[in-house]
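For the sequence shown, UniProt numbering begins at 1 and goes up steadily by one.
Simulated from the structure, these hints should not be mistaken for lab results. Each residue gets a CB set at the ideal place from its N, CA and C atoms; glycine is no exception. Hints may be right or wrong, so weigh each one.
Derived Cβ-Cβ restraints for the label pairs, each shown as a range [claimed, not checked]:
#1 D215 <-> P90: 55 to 65 Å
#2 E327 <-> Q270: 16 to 26 Å
#3 S296 <-> M330: 16 to 26 Å
#4 P90 <-> L331: 14 to 24 Å
#5 Q187 <-> Q322: 44 to 54 Å
#6 N179 <-> P111: 21 to 31 Å
#7 G382 <-> M330: 31 to 41 Å
#8 T336 <-> A107: 44 to 54 Å
#9 R68 <-> T282: 32 to 42 Å
#10 L297 <-> K211: 41 to 51 Å
#11 L347 <-> Q187: 49 to 59 Å
#12 P90 <-> T282: 19 to 29 Å
Simulated pairs of lysine-lysine, DSSO-like, Cα-Cα distance not exceeding 30 Å [to be verified]:
#13 K300 <-> K315
#14 K291 <-> K304
#15 K211 <-> K349
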Amino acid sequence: MLRFCLHGQQPAYFPTGASRYLLHTIDSWVLLLTTLPALSPFPSRTSAQSFYNTYGSEHAARFYNRPREVKELVIRLKDEPTFTVLLGPPSSGKTALARAVTSLRRADQTPEFHPLTIDLRAADTMKNGSFLNAFLLQGQRHAIEGGWWNKWLSGLEVSAGGVSAKFGNKTVFPASAGNIFDDLATQLKPWDLVHGGRPPIIVVDEANFFKRIEDDTTQAFLDFAVRITKQEMKMHIIFTSSDSFFVNWLQKRVNPTHFSTLVVGDLPQQEAHNYFLHVVETHRQLSEKTKDFLKSLDFKIPFKMTGGRMFFIRKYVSQVCQSGYFENPMLFEPVTNAYASMGSNFLGKATTYKKQQAVDVAQLLVESPGYLPYANLVETFGDTVVEEMIEQNFLHYRPSATFSRDLLPSPSEPVLTAQSAPALCAMEELLEKFGK
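Assemble the whole structure, with the sequences as input and the hints as a guide.
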């Protein structure tokens, strides 16, 4: 039996059934993604759309409109173990994509993969060893559910005050992060011995919170990640992050050749329209008259406000349901929020740039195809100015990538964008006020 306790107190056993399931649920809407139909091996030449038609559209509740990204990530996770960073702006669907893929099931309803997800947002970053505690706690929850992780962690015992660990008949006390990760890595079989089986995967959600921890546990896990991916090829590691500078931080601690970065962008316009129609059709509170109106609407109108981000598409439909139809972007709540948060950039409150520089950058971005080359902007305004604009969420940095498909023409170099479509709309309004 696995347990988690404070020294001197009775062990607290984890709940079972639905309550236990809710313990590791991050967002309720993400639960929809975990109900994707069974996944059986698919031909390597299967198109992204036919892959989606087979595995992603059996029922409206299972709708997840990222067929190409799902297919590419499945192929990656069925290949040799890799250390992958899913990078993208907030609410762009990184966590949802990772969860949708790692929760897929085969035709016989057995798991396609064996994921262990650690959400760093829930970790107490002020405490030393907080990642290790979060890792072991989540591991115990998965082990209680049985299956692959039960075999791996069934002998593990953890106490919050002075961590101890037990693997089989071997006890390590007090346990260092290095000892624990070394023991876990040793138990894993090399990838070539389980080829064709169900690969284990560790997903660290919002891995940029590692930057707040910065203790021996963090480096021990990063060393472990490199060891079990590149060196010993035993397990996949996936990090998700919304922080533009996270990759720079990671490169100082892990050789850049030891991990790869995939940028998760928004949906292209046609896929965004399909998702919009799905949200409208399945919305329980919309009247049939409103549904018919929205389905016949020129999608360019809401798309200007929402872009291809599913979070904002759902938000737009919900706001129409609550307050009625609107076309003015300043009536869209995410636009007004972005307007308020970005206003300080035009009031001379930044440290490294003045109002006119904010106006100039906003003007360039509004007149661009949706992005500006990072190198060009640094050359014009200087590195410190651009970095502060990114830190202030005035701009968002995106590395060069082929995984995302929302920027057209597709850039071949690192670029800077607005944080979102609502943020770009807010920039246009701010230019009307401050750009004269």
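CB-CB spacing for P111 and N179 relative to the 21 to 31 Å hint: About 29 Å separates the Cβ atoms of N179 and P111, which means 21 to 31 Å holds.
16 to 26 Å as the expected CB spacing between Q270 and E327, which holds or is violated: Holds, since E327 and Q270 (Cβ atoms, about 21 Å apart) stay within the stated range.
Range hint 19 to 29 Å (beta carbons of P90 and T282) holds or violated: holds (24 Å)
Status of the given 55 to 65 Å range, CB of P90 versus CB of D215: Violated: the Cβ-Cβ distance is about 26 Å, outside 55 to 65 Å.
Distance restraint evaluation - G382, M330, Cβ atoms, bounds 31 to 41 Å: For M330 against G382, whose Cβ atoms are near 32 Å apart, the range 31 to 41 Å holds.
C-beta pair R68, T282: status relative to the range 32 to 42 Å that was hinted: About 23 Å separates the Cβ atoms of R68 and T282, which means 32 to 42 Å is violated.
Assessment of proposed distance window 14 to 24 Å (beta carbons of P90, L331): About 22 Å separates the Cβ atoms of P90 and L331, which means 14 to 24 Å holds.
Restraint status (C-alpha distance of K300 to K315 at most 30 Å): Judged against 30 Å, a Cα distance of about 16 Å means the pair holds.
Hint consistency between K291 and K304 [alpha-carbon to alpha-carbon, up to 30 Å]: holds (20 Å)
Proposed proximity, K349 with K211 (alpha carbon, max 30 Å): Satisfied, since the Cα-Cα distance of roughly 26 Å is no more than 30 Å.
Pairwise beta carbon distance, L347 to Q187, judged against the given window 49 to 59 Å: Holds, since L347 and Q187 (Cβ atoms, about 57 Å apart) stay within the stated range.
Whether the CB-CB distance between Q187 and Q322 falls inside 44 to 54 Å: holds (52 Å)
Of the numbered hints stated above, those contradicted by the structure are hints 1 and 9, listed in ascending order.
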